[in-house]
Structures are given as C-alpha cells and as structure tokens.
Amino acid sequence: MADVKAKLAELGWTLPQPSQPVACYVPVVQTGNLLVVSGQLPMVDGKVTATGAVPSAVSVEDAKQAAAQCAVNALAAIGMHLNGDFSKIKQIVRLGVFVKSDNDFAGQPQVANGASELMGKVFGEAGRHARAAVGVNALPLDACVEVELMVEIA
Amino acid sequence: MADVKAKLAELGWTLPQPSQPVACYVPVVQTGNLLVVSGQLPMVDGKVTATGAVPSAVSVEDAKQAAAQCAVNALAAIGMHLNGDFSKIKQIVRLGVFVKSDNDFAGQPQVANGASELMGKVFGEAGRHARAAVGVNALPLDACVEVELMVEIA
Amino acid sequence: MADVKAKLAELGWTLPQPSQPVACYVPVVQTGNLLVVSGQLPMVDGKVTATGAVPSAVSVEDAKQAAAQCAVNALAAIGMHLNGDFSKIKQIVRLGVFVKSDNDFAGQPQVANGASELMGKVFGEAGRHARAAVGVNALPLDACVEVELMVEIA
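Chains as they are written, first to last, in the numbering used here: chain A, 91 to 244; chain B, 91 to 244; chain C, 91 to 244.
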C-alpha cells in the first residue's frame, strides 16, 4: 500500500497539490487513529471539472470520473497530513458521497463507484469501505459530486 | 440485548439474509470498537418496498415503516459482521437518515422515528442514539429513505 | 477554552437551555472520547428562526447567522453532556452542514462558515474542524440549515 503515488500514476491519475486550509475549516482532522477528511469536490487546478445535475447536465460516466477525482483529491489531503507516508493508512473506513441529481435520478451508486473503485484499486483489501451515497439538489460551486472520508491509520 | 432476533420477531420483523458485499464497498467496516454501517435501503427480497418522494408518492406512515425496514436490514448486516453475536453491541451511536422529500415536506423526523423507535424497542438504553435526519431530492433505486449507522461494540 | 459561556457572550450569543431528549433519540452520544451530536436546527425559544430555501426565501447572510445559531445550540447540548465543563473539549472534529438550497444555489460553504467561524472564534486551534457542506431540498421544520458535529474530549 506504500506507493500510492505510483499506483495512481499507473491508473492515470496525478496527485495534486492539496488546497490550503481555509480559516477554521481544514482538510483533515485526526482524532485517535481516525482521519476525518473534509468534503472534496472534483477540482483540478482550482476549477470544478463537472458542474450541474446528473444526468441532465453531467452524464453518469462523467460524474463517476468526477467522483474518482474527488477521491484523488482526498488522497492528496491525506498525504499532506501524513507527510507523504501513505503506508500509515490501515483502512479506508467510510465514504460519504453526495451526487447532485435530477429528482428522478436513482443511479447514485454508479456515480459513487468512481470513488469506491479507485480506493479498491489503490489500496486493495484496505480500500474496502462502508459507504453512504445519496442524491442532493445542490452542491458547492455547482459540483456534480462531493465525497467525504474517514480513514484509519496505524 | 442478546436476543435481537427474538425481539425483532416479537415486533413483527424478520431478520433478512444480508446482501452480499459489492466490489470494494462493503456493508460494515470495523475501526477500533466502532462499526460503520453502509447506507441501507428499505429492501425486502432484493426489491425496494417504497419508492418516490414523501409525501406525494409515499405517505409519512409508509416511509416511517420503510425507515424501520432500513434499520432491520442494518441489524442483519451487523449480525453478519458479529457472526450473530448481537450481545457485543454496546451502543447505537448515530443514525444518519436521508428522506426523499418533496421540496415543502418538513416531517423528516417523523419518518426517521421509524428507525429510531425500532432501535429503542430492540436495545433499550443501548439503542439511544444521536441522529441527523435530512431531506434529499433523490436516492438510490428511488427509495424513499436511506439509513446509515455507527455502532459501538464491546 | 474553558469559559465558553463568556466567549459566546462576548460574541453576542447566549447559551440556551438545551432541548430535552426525545424518546430513543438523544442530543449527544459519547463513544470512547468522541461526542456525536445530533443534527441541530436554528431554534430559539422552541422556534426555527429562518425557514425556506437559500437564497429565494432566506438570504445567504441570514442563513449564515442561522448556521451559527445551530452551532451555539450544539454547544448547549455538549455543555449539558459535560455538566458544563467545556474545558474537556479537545477538538471540534467534524461539522456536517446541510443547507436547504434552491437548485441553482452553490454557496453552501458561505452559509456553513457561520458555524465554522463561530467554532474558530470560541475554541481557536481546537475549533479547526473537517467539514462537509451540501445542499438539500428539504429539512425538518423547514429550517434553512442543519448542523451536526463530532467532538473529541479529553
């Protein structure tokens, strides 16, 4: 599990510079051996990559990719907290996935799989997590998806 | 608290076979002595029992019953994780309840009570939990309610 | 961090009498050294102060103030659990903020800042938390915002 950067590169992802802490709200808080990671948007270079509701404005496939980007951004935040030592990650515990949805869209799990499958590919057994995936009518910056995490470290 | 199956039967509920793990997303993750349970839908025999928004498509009473079904399904998942030894449950810590709601519906607590009251009836003091109940415009499989849990075990 | 009441007073807030436990659902559950606080509404004297969606029915500024009220109410619940000894609070770990939003509203972080900034002002470094802020189409009692918390105590 140590070489998360290499594994991500192999999957075609680059670990971004994590965004800086904003005022009294921070990307990661540690309590005991749990990391609680703030809700991540599908940001690349400071811009949300996919905006609007699924599927009318963003296809399920694009939203799934955006969910994977949220997961990558979460890993960047975790990496900063761990000073790059991803080998400390013991288990991805929980993903909370919020999908900006048209009222009649019922495929939130397919979108959330973008984040879940990434965790599985990167961490194997340690990437198997509990999950709550729900639809919402609005998200920050009009993002199509937001993902929050709980992670256990050694 | 030991005989959860008997208590549920007394209340008219049957503990279902828990659904199998799906890929990298699993029903229950344990971290320390906390169980984090994935979002549960009101599924019976593989089908969601009540679909659509509350109250236009599903009555508050039916949605409350569906929330109780979600809680029962969560107990089935927990039972699988504990190899049936429910006596290990020390406290139901938190319920997160998402109710598919019409925009002007404000009775999410009444719906969530379906899950909360079940926990109280089954576990007594140990069933008293913190709760967040909110409305959403869309849920997986068009379910009218989704419930996630955190549980402390001994 | 000890004198939360005085700090709140200095900021113009009064710590209310926390609402009483309702049936099997309670304001605060402790697991280990974590407090899990139920979703708080912007209640004052038993009434929600700001109802409806942001920004069509409630301005962003008013919703931000309502989010701060939710945080104050959470502190009241925590205070009751701690028998008034706020000095036991070690870290505000996580805020979950649900903002009743028009479909095209994307400023949930600005609303959530009402709660986040209050925590920062009251607790300083110990108030720096992880956060998930999302929009929803409906909330209990038609409140414009709901805030839930996780807090680590010593």
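Please note that a few of the clues may not be correct.
Same chains, same names: a pair is fine if it fits in one copy or spans any two.
[As the list claims (entries may be wrong)] List of simulated lysine to any residue pairs, SDA-like, C-alpha gap at most 25 angstroms:
id, residue 1, residue 2
1, LYS178, ASP192
2, LYS95, GLY142
3, LYS180, ILE243
4, LYS95, ALA147
5, LYS137, ALA244
6, LYS137, PRO108
7, LYS97, ALA196
8, LYS178, GLY122
9, LYS180, VAL118
10, LYS180, THR121
11, LYS97, SER146
12, LYS137, ASP194
13, LYS180, ASP192
14, LYS180, VAL150
15, LYS97, GLN200
16, LYS95, PRO108
17, LYS97, PRO145
18, LYS178, GLU151
19, LYS137, ASP93
20, LYS97, GLY122
21, LYS97, THR141
Just so you know, the hints here were simulated from the structure itself, not pulled from any lab data.
Can you give the numbers of the hints that this structure goes against, from lowest to highest?
As far as the earlier hints go, 1, 2, 4, 5, 7, 11, 13, 14, 17, 18, 19, 20 and 21 are violated by this structure, in ascending order.
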